[in-house]
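S.K.: Protein chains in written order, with the numbering used here: chain G, 423 to 606; chain W, 423 to 606; chain L, 45 to 446; chain S, 45 to 446.
Calculated directly from the structure, the hints in this document are not laboratory data.
Keep in mind that this is a model prediction, so the values were computed, not measured.
Quick reminder that beta carbons are idealized off the backbone N, C-alpha and C, glycines included.
Certain hints may be false.
[Stated by the list, open to error] Okay, the calculated bits of chain L under chain G, using three or more residues with CB under 8 Å as the criterion:
| no. | segment |
| --- | --- |
| 1 | 137 to 144 |
| 2 | 169 to 183 |
| 3 | 261 to 271 |
[Claimed, not checked] Here are the simulated lysine-lysine pairs, DSBU-like style, with alpha carbons at most 35 Å apart:
| no. | chain 1 | residue 1 | chain 2 | residue 2 |
| --- | --- | --- | --- | --- |
| 4 | L | Lys356 | L | Lys247 |
| 5 | S | Lys70 | G | Lys539 |
| 6 | S | Lys158 | S | Lys247 |
| 7 | W | Lys492 | L | Lys70 |
| 8 | S | Lys70 | G | Lys492 |
| 9 | W | Lys492 | L | Lys158 |
| 10 | W | Lys539 | L | Lys70 |
| 11 | L | Lys356 | L | Lys324 |
| 12 | G | Lys492 | S | Lys356 |
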Amino acid sequence: MKGLDEWLEQRARKIARNTSRRTFLARLGGMLAGGAALPLLPVARASAGPDSARVPAPDETIEGPEGDPKSCEYWRHCAIDGSACACCGGSSTTCPPGTEISPVTWIGTCRNPADGKEYLISYNDCCGKTFCGRCICNRNEGERPEYHWYRNNDINWCAGATSQVYNCSIAVVVGQATESQPEK
Amino acid sequence: MKGLDEWLEQRARKIARNTSRRTFLARLGGMLAGGAALPLLPVARASAGPDSARVPAPDETIEGPEGDPKSCEYWRHCAIDGSACACCGGSSTTCPPGTEISPVTWIGTCRNPADGKEYLISYNDCCGKTFCGRCICNRNEGERPEYHWYRNNDINWCAGATSQVYNCSIAVVVGQATESQPEK
Amino acid sequence: MVGLLALMLAAFSLAAPLAAEAPREKASVATLPPMGNHSVWVPDRLTQHNLLFDGDSGEVLGMIDSPSLITPKTPLFVRSRNEIYSVDIAHSRGTRGERVDFVSVYDATTLAFKHEIVFPTQSGSSNTSQQYAELIGERFIGVFNQFPNTSVAVIDLVERRFVEEIVTTGCAGVYPIDAHRFAALCGNGTTVAIELDESGSFKQFSRSARFFDVVEDPVAMSAGRTGLRWTFVSFEGQAHTIDYSEGTPVVAASWSLTDEAERSNEWRPGGLQYVAVHGKSGRLFVVMHQGGAGSHKESGPEVWVWDMATQKRVGRFGSPNLTAAFLGSFMGVTEDSFVHDVLNWVLPSGGIHTIAVSQDESPLLFVRNGMLGAIGVLDATTGQSLRTLSEAGLAGPTLRVP
Amino acid sequence: MVGLLALMLAAFSLAAPLAAEAPREKASVATLPPMGNHSVWVPDRLTQHNLLFDGDSGEVLGMIDSPSLITPKTPLFVRSRNEIYSVDIAHSRGTRGERVDFVSVYDATTLAFKHEIVFPTQSGSSNTSQQYAELIGERFIGVFNQFPNTSVAVIDLVERRFVEEIVTTGCAGVYPIDAHRFAALCGNGTTVAIELDESGSFKQFSRSARFFDVVEDPVAMSAGRTGLRWTFVSFEGQAHTIDYSEGTPVVAASWSLTDEAERSNEWRPGGLQYVAVHGKSGRLFVVMHQGGAGSHKESGPEVWVWDMATQKRVGRFGSPNLTAAFLGSFMGVTEDSFVHDVLNWVLPSGGIHTIAVSQDESPLLFVRNGMLGAIGVLDATTGQSLRTLSEAGLAGPTLRVP
Numbered sequence: 423m424k425g426l427d428e429w430l431e432q433r434a435r436k437i438a439r440n441t442s443r444r445t446f447l448a449r450l451g452g453m454l455a456g457g458a459a460l461p462l463l464p465v466a467r468a469s470a471g472p473d474s475a476r477v478p479a480p481d482e483t484i485e486g487p488e489g490d491p492k493s494c495e496y497w498r499h500c501a502i503d504g505s506a507c508a509c510c511g512g513s514s515t516t517c518p519p520g521t522e523i524s525p526v527t528w529i530g531t532c533r534n535p536a537d538g539k540e541y542l543i544s545y546n547d548c549c550g551k552t553f554c555g556r557c558i559c560n561r562n563e564g565e566r567p568e569y570h571w572y573r574n575n576d577i578n579w580c581a582g583a584t585s586q587v588y589n590c591s592i593a594v595v596v597g598q599a600t601e602s603q604p605e606k
Numbered sequence: 423m424k425g426l427d428e429w430l431e432q433r434a435r436k437i438a439r440n441t442s443r444r445t446f447l448a449r450l451g452g453m454l455a456g457g458a459a460l461p462l463l464p465v466a467r468a469s470a471g472p473d474s475a476r477v478p479a480p481d482e483t484i485e486g487p488e489g490d491p492k493s494c495e496y497w498r499h500c501a502i503d504g505s506a507c508a509c510c511g512g513s514s515t516t517c518p519p520g521t522e523i524s525p526v527t528w529i530g531t532c533r534n535p536a537d538g539k540e541y542l543i544s545y546n547d548c549c550g551k552t553f554c555g556r557c558i559c560n561r562n563e564g565e566r567p568e569y570h571w572y573r574n575n576d577i578n579w580c581a582g583a584t585s586q587v588y589n590c591s592i593a594v595v596v597g598q599a600t601e602s603q604p605e606k
Numbered sequence: 045m046v047g048l049l050a051l052m053l054a055a056f057s058l059a060a061p062l063a064a065e066a067p068r069e070k071a072s073v074a075t076l077p078p079m080g081n082h083s084v085w086v087p088d089r090l091t092q093h094n095l096l097f098d099g100d101s102g103e104v105l106g107m108i109d110s111p112s113l114i115t116p117k118t119p120l121f122v123r124s125r126n127e128i129y130s131v132d133i134a135h136s137r138g139t140r141g142e143r144v145d146f147v148s149v150y151d152a153t154t155l156a157f158k159h160e161i162v163f164p165t166q167s168g169s170s171n172t173s174q175q176y177a178e179l180i181g182e183r184f185i186g187v188f189n190q191f192p193n194t195s196v197a198v199i200d201l202v203e204r205r206f207v208e209e210i211v212t213t214g215c216a217g218v219y220p221i222d223a224h225r226f227a228a229l230c231g232n233g234t235t236v237a238i239e240l241d242e243s244g245s246f247k248q249f250s251r252s253a254r255f256f257d258v259v260e261d262p263v264a265m266s267a268g269r270t271g272l273r274w275t276f277v278s279f280e281g282q283a284h285t286i287d288y289s290e291g292t293p294v295v296a297a298s299w300s301l302t303d304e305a306e307r308s309n310e311w312r313p314g315g316l317q318y319v320a321v322h323g324k325s326g327r328l329f330v331v332m333h334q335g336g337a338g339s340h341k342e343s344g345p346e347v348w349v350w351d352m353a354t355q356k357r358v359g360r361f362g363s364p365n366l367t368a369a370f371l372g373s374f375m376g377v378t379e380d381s382f383v384h385d386v387l388n389w390v391l392p393s394g395g396i397h398t399i400a401v402s403q404d405e406s407p408l409l410f411v412r413n414g415m416l417g418a419i420g421v422l423d424a425t426t427g428q429s430l431r432t433l434s435e436a437g438l439a440g441p442t443l444r445v446p
Numbered sequence: 045m046v047g048l049l050a051l052m053l054a055a056f057s058l059a060a061p062l063a064a065e066a067p068r069e070k071a072s073v074a075t076l077p078p079m080g081n082h083s084v085w086v087p088d089r090l091t092q093h094n095l096l097f098d099g100d101s102g103e104v105l106g107m108i109d110s111p112s113l114i115t116p117k118t119p120l121f122v123r124s125r126n127e128i129y130s131v132d133i134a135h136s137r138g139t140r141g142e143r144v145d146f147v148s149v150y151d152a153t154t155l156a157f158k159h160e161i162v163f164p165t166q167s168g169s170s171n172t173s174q175q176y177a178e179l180i181g182e183r184f185i186g187v188f189n190q191f192p193n194t195s196v197a198v199i200d201l202v203e204r205r206f207v208e209e210i211v212t213t214g215c216a217g218v219y220p221i222d223a224h225r226f227a228a229l230c231g232n233g234t235t236v237a238i239e240l241d242e243s244g245s246f247k248q249f250s251r252s253a254r255f256f257d258v259v260e261d262p263v264a265m266s267a268g269r270t271g272l273r274w275t276f277v278s279f280e281g282q283a284h285t286i287d288y289s290e291g292t293p294v295v296a297a298s299w300s301l302t303d304e305a306e307r308s309n310e311w312r313p314g315g316l317q318y319v320a321v322h323g324k325s326g327r328l329f330v331v332m333h334q335g336g337a338g339s340h341k342e343s344g345p346e347v348w349v350w351d352m353a354t355q356k357r358v359g360r361f362g363s364p365n366l367t368a369a370f371l372g373s374f375m376g377v378t379e380d381s382f383v384h385d386v387l388n389w390v391l392p393s394g395g396i397h398t399i400a401v402s403q404d405e406s407p408l409l410f411v412r413n414g415m416l417g418a419i420g421v422l423d424a425t426t427g428q429s430l431r432t433l434s435e436a437g438l439a440g441p442t443l444r445v446p
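Go ahead and model the full structure; you've got the sequences and the hints to work with.
M.R.: Right under this line is the structure:
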């Protein structure tokens with residue numbers, strides 16, 4: 423599945439390079455039957471600047487459960503639903519051995535208490551082994567029903583992986599956000 | 423599976439009619455490699471008389487949990503291991519709807535408090551639906567390890583059914599016993 | 045087949061004579077009584093099945109396996125054919141290997157497997173899987189798929205075949221309307237009604253005006269139905285009744301479930317399957333708790349009841365202590381005992397995530413906490429706690445009245 | 045594929061741009077460190093997998109799915125090939141359909157599935173499945189079957205093939221001896237040693253004299269190994285060490301675990317996997333409880349330790365309160381907290397069903413209650429309770445040190 427993952431990322435980067443975001447989103451909106459617009463993707467408003475790749479990494483020097491990737495209170499876990507992979511042989515950004523990273527994800531916008539900034543978090547499911555069952559967390563800041571799917575943590579996101587069996591979830595920082603619900 | 427069940431019973435009755443029990447057991451013993459004898463089958467000593475079919479049915483007018491097929495203390499449950507089917511849509515002698523009765527079973531010898539007699543109990547597993555999970559009981563009077571298989575309640579006896587998935591166990595009276603461990 | 049002894053029928057030969065002794069009793073297999081009004085399906089996520097309880101006696105009547113990826117989908121019952129349908133997922137090697145999606149068909153009296161209908165799409169799976177697999181009339185099942193499309197697969201139960209996949213990008217769920225129509229909720233704040241032709245193929249769709257804002261105040265997937273109307277409830281406590289009787293879905297009513305005082309005390313809807321409607325009386329049941337934004341999946345200590353005709357609240361039901369009921373049943377504590385009273389007093393109640401109401405004249409309200417295998421049974425008219433359905437599995441977020 | 049919109053890649057298109065934003069972090073997949081001496085496999089019956097814990101850190105290192113019918117069989121590890129083997133059972137439709145029995149082969153560093161070896165017999169399944177699937181040397185796995193024969197299927201891990209089924213009527217279990225031999229316990233009170241030829245086919249067997257009585261005082265399936273010897277423990281507390289080094293198995297030692305005073309207080313062995321042996325020190329560990337006949341599956345409050353050379357008891361270890369540990373971890377209580385102390389004091393300890401001991405110079409003793417997802421870690425030399433492996437599933441009767 424690594425191949426598809428990389429292909430997706432390359433494809434996304436290419437789209438991002440060659441298409442202005444507004445055009446891209448407008449085109450997506452146009453694909454909806456009846457022409458009704460999809461809610462704007464959070465990336466349209468979430469990025470802190472035009473070159474978000476230069477945004478510094480979040481400060482992780484946090485005392486207590488907000489700094490512990492095994493805790494449900496870990497700052498990145500504000501919209502997690504499932505087992506934290508750090509308790510399952512992985513870490514906050516690493517899937518457990520023998521699992522596969524879901525290529526599609528839901529996102530959250532979480533505030534880092536160390537630097538006070540909002541970050542966009544990609545919750546990738548780790549797939550292909552049965553439910554880890556440890557450190558089960560459910561937090562729903564900004565979570566939305568299935569029709570607003572990329573903000574929905576109920577969905578088994580392993581749907582996009584080779585094996586749709588859910589093991590646990592990681593919480594990867596993908597960028598900074600200017601607001602907690604940037605698609606507003 | 424009803425066909426096999428009936429076939430087995432007919433076959434057993436035929437053997438019982440045409441062969442003296444001792445001969446039958448001796449033949450079985452002879453089949454063991456090296457000629458070492460299997461422990462005698464409980465039927466050899468368990469039956470109360472030559473015509474055990476005339477043995478009266480056990481008295482079931484028992485107050486309290488010893489008279490309740492949903493209780494682990496039900497008198498027939500002295501060697502049960504699993505869910506009592508009476509809690510799963512069946513009864514002490516009825517498998518739940520849609521399941522299949524295992525054609526092979528383990529046995530126990532339980533004392534009926536109403537008439538003070540020992541009865542041979544056949545614990546048939548009900549098979550083909552997932553674990554019922556209600557009224558989980560484990561009692562081990564006279565229970566023995568797997569090498570003494572017909573006294574072993576650990577084994578998944580659905581092994582002999584069409585689907586080997588275990589649902590729950592019933593406790594059917596198959597005869598009277600003169601002793602609690604008649605194979606002694 | 046070689047070795048110490050090639051004795052194929054050893055096990056048979058040894059076991060069989062026992063049954064020949066004094067066959068005073070004959071083992072048999074039970075059947076199900078006709079489906080009653082007070083039955084309820086209780087899915088368990090760990091054992092991957094649905095237990096069918098009788099809400100009056102508190103007994104289990106039977107069960108249907110529902111293999112899935114997360115939560116078993118609740119079975120669907122069609123009285124006219126006396127059949128039960130389960131929308132299932134399996135892998136060829138347990139959790140590995142080839143995936144197959146299929147509808148398992150069971151006889152509703154024997155609960156015996158009859159046949160299956162394999163379909164080529166991959167049905168969605170989620171924590172609740174609410175409105176993911178529903179009957180459209182008596183002939184079709186609509187299955188919500190999430191990947192690679194959001195779409196609905198139409199299964200024809202009479203012809204026993206997959207009809208087609210209807211792509212519903214940006215929308216989710218299957219809300220049955222009539223024999224050939226179902227609705228979906230969409231991310232742009234609208235609902236669409238999708239119509240099938242006689243054979244179950246896509247015919248046309250119509251979209252409502254926008255009636256909610258997905259960011260400001262989205263409606264939950266959990267909803268309640270009265271005839272051709274569905275009532276949706278928003279995170280902030282707004283009720284929207286949509287009328288699907290004409291071509292285009294229209295908002296028939298829209299009102300706030302809470303007054304200003306309640307809102308300032310942060311009363312709001314929440315849970316997992318936290319909306320139910322009793323059709324004949326037009327009563328709306330919603331699980332309520334006190335919490336802020338993001339608390340919409342928290343369990344609630346109360347169920348509030350409204351008369352939808354007058355939009356007035358007519359009841360506030362408290363929650364039985366399901367934690368005590370759950371742990372008590374494992375400890376062998378009977379419901380009318382002193383120890384049970386003590387447990388009720390000592391243990392904090394887990395509250396209610398999920399409700400379902402029977403549709404008869406004397407309705408029961410079933411309430412569950414998603415992490416506890418105990419279901420509370422309430423009189424849906426008075427809110428009186430009647431009994432507990434105990435040992436109802438370990439975890440499961442949904443319920444279904446057949 | 046028709047409908048509102050035929051947009052195959054909608055989900056891809058919508059999801060992907062997010063990953064293109066500021067990829068400061070890259071998601072990846074972890075690998076396993078080299079298998080340590082203090083690792084332990086913890087099977088969970090409900091999720092049908094084995095968690096691999098590090099007994100020193102208390103952390104989970106990874107997991108192996110082990111689909112089965114009742115209890116997942118614990119994985120088998122061969123260091124020389126750096127592979128892990130799981131003897132699995134699956135049905136084509138979850139709990140319905142065609143059954144397949146197979147060995148799944150995993151890389152021991154990546155835990156990735158490598159290949160499978162399907163075999164034609166039906167492996168046994170039981171509550172404990174103890175000694176049901178074991179390595180014979182490094183090349184073969186013996187799988188115990190119960191139906192229609194009691195037999196052992198030989199799987200060749202190097203040639204990746206099923207070799208043959210060896211019928212072992214009246215006997216049970218697979219007790220490895222050396223590269224080409226394994227033993228079984230038989231219902232007539234004997235043990236047989238079965239020898240394979242180079243290719244894994246049955247060569248010959250030899251049977252011991254009768255050393256126990258199946259009715260009066262049977263030995264448990266749970267047993268401990270030192271080199272070419274196995275030590276079996278009877279229901280009434282008799283230990284029998286069988287020496288398999290010569291052609292015919294012989295009783296090397298036989299002694300009572302309890303003295304008269306202990307017997308009159310009804311101390312006896314019991315549990316599920318209640319016997320373990322530390323090979324290098326020749327120490328025997330047995331879970332002990334007080335109870336009468338028929339109590340042989342009850343958990344025990346203590347583990348007793350013997351020096352097998354002198355047949356003297358050298359230790360009596362108490363059980364940590366695993367009930368408190370299990371419920372405490374769900375309530376978010378840390379082990380060094382006051383609340384944890386209170387739980388330890390208030391809650392009755394469930395006792396120990398199952399033990400396993402590591403085979404290094406500083407051995408750990410792992411203890412579990414079959415109905416609680418918490419494993420106690422003890423210093424196997426002193427009995428000191430070191431830590432708890434928490435959230436170790438919900439139920440499971442066995443443990444295995446790789």
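S.K.: For this structure, which hints from the list above don't hold up?
M.R.: 4, 12
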